[in-house]
Each structure stands twice: as C-alpha cells, then as structure tokens.
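Work out the full structure: start from the sequences and follow the hints.
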Amino acid sequence: MTSPQPLAFLVVDDSATIRKMIMSALRPLKPVFREANSGLEALEQMTLHHYDAILLDLNMPDMHGLDFLQFIRGHKVFGRIPVIVITTRTDEQMRATVLAAGADRYVTKPFAPQSLLETVTDLLPLSES
Amino acid sequence: MSQPSSEFLEGFLAEAGEHLQSIQQNLLRIEQAIAAGEGPSGLAAMEEVDELFRSFHTLKGLSGMVGLDQAARLNHAMETALQGVRRGNLPLSAALIDRLIAGTRTFEAITRAVHQPDQPAVAVDDEVRALEQLLQAEPVAQPAPFPEAQAVQNLLPDLAAYPELWSALKEPDLRKIQAAAQAGQTFALLVFRPTPEKAERGENIDGLRRQVQAAGSLLKAVPVFSAGAVHFLLLAALPGAPDASQLAADEIIPLAARAAQAAKAQPAPGAAVVALPETAVRVPLSRLDELMRAAGDLILLRARLNRALTRLDGAPLPARRELQQLDQQFARSVRDLRRSVLRARMVPLAETFNRMPLVVRDLARASQKDVLLVIEGESTEVDKALVERLLDPLIHLVRNAITHGIEPPAERLALGKPAQGRLTLRGAPQGDHILISISDDGRGIDMEQVRAKAEQLGWATPGAAISNEQALAWITHPGFSTQDQADLAAGRGVGLDVVLKTVRSFGGQLSLHSAAGQGATFTLTLPLTLVILDALLVQIGAEQYAVPQTMLNEIVEIDPTQIVQVESGALLPFRGGSLALRRLADLVDLPEATTPAQGLARPLPGRLYALISAGDEHSALLVDRVLNLREVVAQPLNDPYVAQPGISGATELAEGRVILILDVPALLRQAQQR
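Those protein sequences? They're chains A and B, same order as listed.
The first sequence stops at residue 129 when you use this note's numbering, and every number in between is there.
The second sequence stops at residue 674 when you use this note's numbering, and every number in between is there.
These are computed hints drawn from the structure, not numbers from a lab.
Please note that a few of the clues may not be correct.
What follows is a list of derived Cβ distance ranges for each label pair [claimed, not checked]:
hint, chain 1, residue 1, chain 2, residue 2, range
1, A, G79, B, Q119, 33 to 41 Å
2, B, L337, A, R27, 29 to 37 Å
3, B, D69, A, G79, 37 to 45 Å
Virtual Cβ for every residue (Gly too), placed ideally from N, Cα, C.
Next up, the structure:
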C-alpha cells in the first residue's frame, strides 16, 4: 500500500508571525505548507501547485482576500478548494459577504489554535475521499 | 488580561519593530507635507496613508494574537482614524498626526514593557479617547471632490484597453494616479506570467512587486484569467522611463500620459528607508551567536592542529609539508567562515539612525528651536548587538546637542547664523572600527565655564590650559553635571557619564572636538564586533594575558635603564615627551613571587615591552614578553558579581588554558586614580 500524499495547505496572510501561528496550530495534521503574503502571490501559488485547503487573511496589500476568493471561485479551473478565512473583522456584514463569496469557514482573530485545527479537520474528509 | 504567549513573542516584537519604523517614517513625511501646504486631496491620496492604515490594522491583529489586548485596542483606534481619512470623513491635520505619533509612542512603550512584566501596565485609555474625540468632531469643510473616473481616463486613455485593471480601480487609486501625474511621473503596464520554471529561478509576482516599489510605486496589480491561465497586470508610476533590466516582467508597456501638470516640489525625504534585500531570512540573534561559537570552536581546533604540527618537526619532510598545506587551507577556510558569520550579524546603522528624526522633532519642539537633522552614512554596517545598544547613548548626545548646544532661533540670527540649527549624524567605517559622530553648529563647549567648574571642584589648577580630551574627561565625570539648569553651556554634563560608560562597555571610545561659538562634535569609535578579536598575547612572569589589538596604539621595546623614577610613578623619555609607565603586574595584583614588586628601582630583565594605550598616547603598560597576535574568541564576563573593571572577558587558548582578556585603558585609568 502506497503511503498517502501529505496534505498541502496554502497560508495567506501579510504577517509572517500570523502565518507561523496558523502553521503551528495545524502542524498535527502533518501537512506541507506554502506561504503567500498577498492575494497575488496566493494566486501565483495556485497556478503552480495543488492545495487541499487555503487559509486566507482578508486585509492584504495589492489584492484584498475577498477579491482573491471571488477570483478563484469564479474560474472552474481552480476546483472547489476548501477556503478558511481568518480575519480580525468581526462584523456580521463581512462574515455574510465572505461566506456568500464562497468561503467555507470564517474564523476571527485572535483564534485558539485547537479551535482552528478542529475547523480545518472538519472540512477535510471531503477532499480525502 | 492574558499573558503574551512567549512562543510567538519574539516574532511579534521583530515584526512590530519593522512596522514601527515604517509608521514613524510615514507620519513624519505626512507632517512635512502638511507643513509644505499640500491640500487635503493631495494628502489623503498619499501612499503613506494607505501604508499607515495597513500597518495599524496588522499591528491590531498581531497584538490580539499574542494577548496584548490594550495594544490591540490602541491600534484599532488608530486604524479607524486612518480609515476615516481614506474615506474622506476625517481631514489629515497636524493635530491628527500629533495624536498618531503619541499613540505610536505608547504602543512602542508597550512593546518595550513586554520583557518587564513587573512594571505597571502602560495605559492606553487617554490615547484611545483622544482619537475617538477627533473622529466625532464636526467634519471640517467639504471633503475634496474626488476626481471623476473620466478625468483619469482622459489622463491615461490607453488604460481603457485593459478592462480588468480599469474596473479594479477605486477612488483612492484614481487619486493616486492623479497625484503621480501631477508629480510628472511616467506610467507603465507590466505583464507577468507565472510558470514553474520562473518560480524555480526565483522570479515571482512578489519579487516583481518589490522591484516596482523600488523603482517607483505600484498603483494597482490585478490578476487576469485568459486562455485557461492566470497572468498579472501591474500599473506602475515611475520617475522616468522603465528600466527593463530592473523589472522581471514578461512585457513592459509604456502608457502615454496626457498633459500632466508641472511637477510639484517633493517634500524633503526623511531618513533613508531600510529595506531588506529581496531574498532575506529573518534569523534570531541567538542562532547567529551559536554560529559564532561554532566558528570559534573551529578557530580553536585549527590552533590545536597547528601546535600538533610543530611537534612533528622530526617527521619526514613530505608528510609534514602536506600537513602544513592542509593546515594553511584550513586556516583560510576558517577565516572565510568567520568573516561570513560576522557579516551575517551586520546590519546597517540606519536601524538606529532612523529612530532619530522623531527624537529630534520632539526635542526641537519642546525646547522651541528649529533643528535640521542630516543623516549620513546610514548604510554603514555594524554588529546587530551593537546597533541596539547604541540607541540610548545616541539619544543622550542628540538631546544634549539640541537642548544645550543649538541656540534658539533669535539668538542664532543675532550671531549671524541661520535661524535653523544643523545637527549631523554620521556613520563611517574605519578599518577595524566604526566611527559615529554627532555634530551640531551651536555654541560649542564653553571651555571657560568648564574650566571654572573644574577649578571649583578642585580638579584643575587655575590658569592651566585645557585640551579637548581634558574637557571631555571632566564633563563626562559623574560629579561634574551642574545643578543649575540655567547654566546651559556647562550643563552638557547631564547624562554624559552614562554615555561614556555604555560606550566603554563595548570596547569603544568617546572623543570630543569643540570650537567656541561654532559647535561641537562627539565621536564614538566602536569595534566592529564584540565576539572574535585579534588579541596580543603577553607574558608577565609565568602568567599570560590577552590584550585586544584595538585597545593598543603601539608596542615599543624599551631599555629599562632609561626609566626615570619620579614621585608619581615611573616615566620614560619618549619621542620628545614622556610616557607614564605602569607595570601590568601591579595592576592585576600578581603575587610577589613572579615579579619584583618594589617599583622599578630594582634591576629588571634585559628588555621590557611597553604597550601604549589607544586613546591615551602618554600611558603605557609594561610587560615582560610579547608572545604573538592571534584570534581569540572572547567569552564576556558580564555577571556583575564576577566582573572586574579592567577585565573584559576570558578566552580559551589552544593548549586548553584559559586566560583573561584585559581592558587596558580601564586598567590605566584605575591606576591613575590610586
């Protein structure tokens, strides 16, 4: 039996420290991580590699996370990759907008590592099948 | 309130530090623009506003993540204020900038307090309330009319051919385009198609984005989906024609700009921006320390190898030769490694210098003086550990220059000087050292006042001439500073003893050059590194010591019969003057058995060596033998219980011996006081 491919996660946030925190929280899943510090870089990454999930910040330079989300949901070539938005925006309006744009989960900062891990793990069985 | 989680704290502090630098530069640039009379629409369109907004937003999130809730609250208030400016609800006024500078300073205090949990928590309520009040104030005058999209379309007609870019442009972007056009910039569209091959070469969208920012400014970047693939369009404003060699784009399309108005004078730029090279990695200083230790071990190993080789003198020649060649190659590699590790620790002085504009601004305001800060040589590199410890001494010296050195504008005009005083902060490498100087064009040190005070304290004989060195020695003595705040000229003593102590603690020197009425220059001479030194091994009797080469001016072989014994000690006639001699044996209190203790009247071994101290050419230490010059890895002795003035550390020699590293100037000073 061949060993399963490790999960590949794309962590998108313009703060290196926050990216580290997200990666640290998800380490128990033993994934391969790639990082991007803007929506543009994240898109570039998506054209080069396959990902099992995207952890996405909203407020980033040059391309807002929401624009990135609308872009990848708007083009079938990217497939229906699970997207978990992680943001400091706590308002209900943004949450609704983001979920309507196609995000699968909406997590607010500060987040508890265990809670983020559970949120991501819940989403994944869909892609493993 | 939760405790900051320590695991990510260092990362938080490093990122916060970078954002703080950027925030301070942006705030000062906006302040200058306000002073230069830029209108509201010009100000709100400034890139600095966007950057500030993003910085505060990021800091808010980061603070929350490490449990610094008050800091998050403060940053949220500042972010909200900037949001108001971007939307046109809140005018960018000097009052708002003042509040933001104060808020930033409070946040900085919070970051510094992170490592001091027993201190009372920094309060943010006042700052937050003040910012909220500003937001609630009556919206002043009409927000500037936003340029119609039509106006920009007239300006850059070619843009219409790129609907993805055009439709992505929002109000702030349109204003930025107008501002760039008014400044006489040229526009270009860059196309970038990501591919695996390019990614492997390190060519990516992030790199191109940075190149554009370095060359000019990036107005907008959008992805375009066509033919089943994604490519990127970047709209750039550049000071001149695009330089294809500096921009890794697949296509560069210049855009014709119609009849841009006359370029406006740019406000004077603040201190140089510190930008990390594109492929930079942030490394904890502790990891660099480990590397240094490993390099130090290699140096030791190589020295041991060298010694083992000398024991092979009896072995056949070919074998020895091969080993000697290997040893030399090893030595070269180790030297290269050492140099690389040292360079990895080096950071530009700009890290410290860039904090000064804000300090100068505050001090000038508080003392009601007009001061221009000129910074030179900020790209000079210095050890990271040093750059952090330099901040306090530099702030002290800058404070003295502004509060005591530079005269108030009216006084300057009466003296025929320009009303604006000039403070120059300069860094330059000099061989094994770094020179940092703080120069002002103010009153200079009033030597008469200094002499009078010294005479009063009984340190100077009346009528004696005083040199710059003597004046410096007096004004940096803790007992010198005057109580009388009105005594401005001699008041330079405030804080200087601390400056001197700090500078000396990392093996540096302080010197002064002053001309009455013209100004004063304080110069710090610092070693390039604190850890690996070239040291002279000397011997007294059976004991060996290491003396850092940077502390010595010269080594002279002397004839003991020339020494003249006088009341205050021993003197040697030397080059037309005299050298005050001290025996190292006396200064380090060696037991009687190893060297004669009865002064120098007793007969001495045939030859002696005098080590002339750096910084004081008339003092020298006597030793029996000078062994050799070698690289040593210094283990500093910082523990206050163990540390002795005059001993700066210890090092392990190849033979396994541990010897002490001496601080020669400190020893000589100590001796003079006995």
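Cross-check of the supplied hints:
In this structure the hint that G79(A) and Q119(B) lie 33 to 41 Å apart at CB is violated, the actual value being about 53 Å. Taking 29 to 37 Å as the suggested C-beta distance range, the pair L337(B) and R27(A) conforms, at roughly 33 Å. Distance hint check: the CB atoms of D69(B) and G79(A) are about 39 Å apart, consistent with the given range 37 to 45 Å.
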